[in-house]
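J.: The chain contents come next:
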Amino acid sequence: MTVSQHRLVIRHAPGELILPTYAKPEPGNHPPLDFPPYKSTGLRHPTKALVLLPHRLTEVTGPLLGDDLITMQDADLTTGHAGEPQGQRIIVFGQVRDSGGKPVPDTLVEIWQTNAAGRYRHSREHHPAPLDPNFDGVGRAITDQGGRYRFITIQPGSYPWGNHYNAWRPAHIHFSLFGRAFTQRLVTQMYFPGDPLLPLDPIYNSVPDEKARQRMIAAFSIEDTQPEWALAYRFDIVLRGREASIFEDEGHGH
Amino acid sequence: MGELLTPSQTVGPYFSMRLPWDQGPYVVPAGTPGAITIIGRLLDGAGDPIPDGLIETWQASPEGRFAHPDDPRGPVPDGDKAFRGFGRVPTGHDGSFKIVTLKPGALPAGDGQVEAPHIDVSVFSRGMLDRSVTRIYFPDEPEANAADPVLAQVPDERLVTLIAVPAGDALLRFDIHMQGPAETVFFDL
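Just so you know, the protein sequences line up as chains G and W, in that order. 1495 is the number that the working numbering gives the last residue of the first sequence; the numbers go up by one with no jumps. 414 is the number that the working numbering gives the last residue of the second sequence; the numbers go up by one with no jumps.
These are computed hints drawn from the structure, not numbers from a lab. There may be inaccurate statements among the hints.
Unchecked claim - Rough simulated footprint, nothing fancy, chain W against chain G, three-plus residues with beta-carbon under 8 angstroms:
#1 1269-1276
#2 1346-1360
#3 1412-1421
Keep in mind it's a predicted model, so treat the numbers as computed, not measured. No residue lacks a Cβ here, since even glycine has one placed at the ideal position from N, Cα and C.
Same shape as in the complex, but just chain W (with noise of 0.2 angstroms):
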């Protein structure tokens, strides 16, 4: 048994003050080759959007790789270093939001399976005590996401509201819905 933990408090209506940065939408810098677009919006149980969120992403390269020590496969090859794996957007009036990435590898989830592709996903606002974690997964990946391990433990009916929706050219649409009939899954972390 350790220490009690710090609690967790809301991100409150303010932290626009501090936690954004002009790059902080942009996981790789725009122009990148091969660079992809994901929107969406933040909406409440009303279906109103929330204003004043923070949406956070992490997740691999397009080799399925971390800049991290605790990656225990080692360093990185050299061509990712570029790659910041973390994006970091305040929502606007809307409730909409937008980061510029590259698709994620698929990893392997340590016990013989493999995971599909997917990025990690916080979600902060006024109102939200703790934040809320989701993951985005690719539309263009069915046999990966019908194997992958996580997305094996969420409700069949469910499974559509983790799945990002084609929405143009090197474009996905990925709506986080807190509450209603569509309401994202979100993860036990």
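Just chain G, same shape as in the assembly (with noise of 0.2 angstroms):
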């Protein structure tokens, strides 16, 4: 049996449920929602205390996208133009597993970035440099069943924005997932190894934990670079596990 059909042994006590209960996150694993540096979270974060939502059927389900939204050519950014876009074209790819190293295959994986110059495709991006007639820097795709996915595009650049004096956003791309349960929705940005900007950028510092912000930066790999074509950037996400106490039927028909 696949992981993507582990089923839960339900214990067959009159009236009793058995639900998985995902693992809470270390401290400083998450940014704060109050970050003074990125004056935005000012006024649009929980000033009261939080309510403890415990994990019953709406929150171990999740709603699961597929095939129907995805065509081939969704995780391939680089074509369905008359052209070829500007810049340094990229493979980016890795694998969705849960914290207790469980591939998440099925899953939905969105993306979207700027172009070779730092300019998004948005009405509301006013930043002056080129639009890439060739380049919409939007991508989907679905992992297969080890939890892996492809992306091929081109190197984001980096871009002004009005936080502070000389605020430069460093280069990224922009990932939404699922996972397989409404617990597990995570929206992050992958970064890129070595960049200047990384240490003056609040919205990457926002993340307390040293090694939970080096997970968002992405590893050059020479074994995947494709010669005479594209560098490629591994980029594994990590999301929120079970916890160890449940049981769990791995479908050896009890």
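Could you use the hints to bring the two separately framed chains together as a complex?
T.: Written out as structure tokens, the structure is:
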């Protein structure tokens, strides 16, 4: 039985419902909602104490958005136009797994990014860098049975933003993931190794734990770089996993 | 102890390049018998609309079922299969959003209790480094709401922020206040 077909054992006490619980993130793994160096958090974070939400049916399930939203071309951001986009062609690939090390198969991965000049194709974007008629900067993929995904795209650029004087975002690709449960939903950003803007960026540095921060930096891979064609970056993504105390049936027909 | 998680980061101002899609607000197709519309506004701590927010909803079917392998009650009855359960809508320039759905059923809570009909909501926007999670409950369920184990943990004076308000025929309003005297209850998931 494959991982995607994991089923929970139901203990047949009358009226009993055994559900998984997803482990809490370690302190410092996620950014605080109130982070003054990123000014826009000021009026947009909850100020009152959060109320604990135990994981029940609505939280341990989630949308399983599938192939009807996806075409093969969605994972290749460099095709679909009259010509090729400007910039450095790159392969961005990796594995989606949970904190227990289990791959997360069949899950939707959505990305968006600037073009090579640091310009988003968006009506509210006014950075005076050129649009590229051959690059939209959006992609979608579904992970395979091993939790793997792969995009072909262009190295994004840095761009200025108004947070503080001479503020520039390090080059990044936005990622949105569902996992298999409402509890696993994640929106994050992938950064590039060696970017000199990383130590200066309040969004990147909002994550308190240094090792967790480094999880957002992709690894250059010469092994996966394709000769005469494209550089490769590996970006593995770790979602919340189930707590170990859960009894699971591996499918041996109990 | 497992691996460190990939940290959350803000969805930023430009997610609408990718994330919304035409049918996103329609958890069921428009015109579905029994459909309800939930409208609302997403507001910041100054009471101003958040025009670059994203609202996502996840809920059970009217029968209280999920088409998902981790619902241990087994596969859903055939009649539920057209029901998406998931809604996604970007906020408008005035912070407004609209979701068309079916009212979910009540759910067993696993310990002999029953959860009142509810919709889980994720709120994303520029300036939010992680999502905020809340729930929509229904105004025509006073008894179920009074017995709901999640609402039982909410201070009485704040319960009103989690219960949608009747706004017309098959129409409910659910405003989301990030801060202020009417700050919505958000959950630690």
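J.: Work down the list of hints and note, for each, if the structure agrees.
T.: Status of each hint after checking the structure:
For the segment 1269-1276 of chain G, the proposed coverage by chain W is satisfied: 6 residues have a C-beta within less than 8 angstroms of a C-beta in that chain, meeting the threshold of three. With 3 residues having a Cβ less than 8 angstroms from any Cβ of chain W, the segment 1346-1360 of chain G passes the three-residue criterion, so the hint holds. Against chain W, the segment 1412-1421 of chain G contributes 3 residues with a C-beta closer than 8 angstroms to a partner C-beta. That satisfies the three-residue criterion, and the hint holds.
Checked against the numbered hints given earlier, the structure satisfies every one of them.
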